[in-house]
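S.K.: Produce the entire structure from the sequences given, and follow the hints as far as they go.
Line by line, the protein sequences give chains V and W. Residue numbers for the first sequence follow our numbering, beginning at 1 and rising by one. Residue numbers for the second sequence follow our numbering, beginning at 1 and rising by one.
Be careful, since some hints might not be right.
Distance condition first, Cα-Cα at most 25 Å in a straight line; then the derived SDA-like pairs of lysine to any residue [to be verified]:
| no. | chain 1 | residue 1 | chain 2 | residue 2 |
| --- | --- | --- | --- | --- |
| 1 | V | 17 | W | 73 |
| 2 | W | 17 | V | 14 |
| 3 | W | 17 | V | 44 |
| 4 | V | 17 | W | 111 |
| 5 | W | 17 | V | 52 |
| 6 | V | 17 | V | 52 |
| 7 | W | 17 | V | 160 |
| 8 | W | 17 | V | 144 |
| 9 | V | 17 | V | 28 |
| 10 | V | 17 | W | 80 |
| 11 | V | 17 | V | 44 |
| 12 | W | 17 | V | 45 |
| 13 | V | 17 | W | 91 |
| 14 | V | 17 | W | 158 |
| 15 | V | 17 | W | 50 |
| 16 | W | 17 | V | 90 |
| 17 | V | 17 | W | 90 |
| 18 | V | 17 | W | 44 |
| 19 | W | 17 | W | 6 |
| 20 | W | 17 | W | 51 |
| 21 | W | 17 | V | 151 |
| 22 | W | 17 | V | 156 |
| 23 | W | 17 | V | 50 |
| 24 | W | 17 | W | 48 |
It is worth saying that the hints were derived from the structure and are not from the lab.
Protein chains: 2
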Amino acid sequence: MSAVDDLLMNNEEFAWKFDGRGLPRSPSRGIAVVACMDARVDVYRLLGLALGDAHVIRNAGGVVTEDVVRSLLVSQRLLGTREIALVHHTDCGMQGVREEDVTAQVQAETARPLPFSLEAFDDLVTSVRESIARLRANPFLPHTDRIRGFIYDVETGRLAEVRP
Amino acid sequence: MSAVDDLLMNNEEFAWKFDGRGLPRSPSRGIAVVACMDARVDVYRLLGLALGDAHVIRNAGGVVTEDVVRSLLVSQRLLGTREIALVHHTDCGMQGVREEDVTAQVQAETARPLPFSLEAFDDLVTSVRESIARLRANPFLPHTDRIRGFIYDVETGRLAEVRP
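M.R.: Now the structure itself:
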């Protein structure tokens, strides 16, 4: 049995008790959260989000990439969000990764150059600021005046705001 | 007060009760979930995931893009996951979107062509299969033998598997 079969049994129980019918598509709080994919970061729980409250976009590092811009464009232009919250976190797997080592290993194995950056970073605060700067500089997002950035501490559960 | 300030008050309460210390970086179930950003899709709850169990990657539509491949590459090569579960859902905002209308509107407002596809789709099952096919065809992911795709029903809370 794969690990996914376990999760499907959990879903049976979840569906049995489900009480989230009839929620609208557009997030009721008008927020999109951009966070790291880290398994220790449960975005709904740590922000107290209810079903239907906010879009949640996640990738390795929580960094702003073209795909994050695509998602935010859909979020803002088609589904009415206006605020963005970025959530990076302590002990991130992307912090301090030596990109050249990983790309060299991938190239040795696959005989192809990796066609994208891993978006690794050295400093958390700088990385949050860089992501905010990328959003502010993007010409395609209609709402970039309410963007806030945070670092989540995986050992305390606490968010700390990064001042621009 | 912005909507984010509300969420920060929720976080104070969350941190007060936090009991997630000492979890390792690598997901304990060895799974990465790729899901849509939709506000009604609480991935942890609907799969019964505990803190630390699985990477959670999310974007508009839950479709496999280059950034999803980047995240999965990090997930598999640096953090040891081997299985992938894709979660699309009913009533998705990306379903049936007329890309040409949105891109024309963006271009009219910004005087620039949109440099990426919105990744809209017409049929949910086809979209899940297309995402699975993109993963299987990708040369950079070491583990593509255990990929499963699902459609989550936002009205019942139930996952239905899409057979390849």
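S.K.: Next step is simple, just say for each hint if it's right about the structure.
M.R.: Here is what the structure says about each hint:
no., hint, result
1, V:17 <-> W:73, "35 Å, violated"
2, W:17 <-> V:14, "23 Å, holds"
3, W:17 <-> V:44, "15 Å, holds"
4, V:17 <-> W:111, "49 Å, violated"
5, W:17 <-> V:52, "24 Å, holds"
6, V:17 <-> V:52, "17 Å, holds"
7, W:17 <-> V:160, "17 Å, holds"
8, W:17 <-> V:144, "33 Å, violated"
9, V:17 <-> V:28, "22 Å, holds"
10, V:17 <-> W:80, "33 Å, violated"
11, V:17 <-> V:44, "18 Å, holds"
12, W:17 <-> V:45, "11 Å, holds"
13, V:17 <-> W:91, "21 Å, holds"
14, V:17 <-> W:158, "10 Å, holds"
15, V:17 <-> W:50, "18 Å, holds"
16, W:17 <-> V:90, "19 Å, holds"
17, V:17 <-> W:90, "19 Å, holds"
18, V:17 <-> W:44, "15 Å, holds"
19, W:17 <-> W:6, "18 Å, holds"
20, W:17 <-> W:51, "14 Å, holds"
21, W:17 <-> V:151, "18 Å, holds"
22, W:17 <-> V:156, "9 Å, holds"
23, W:17 <-> V:50, "18 Å, holds"
24, W:17 <-> W:48, "20 Å, holds"
Hint check: violations occur at hints 1, 4, 8, 10; the rest are consistent with the structure.
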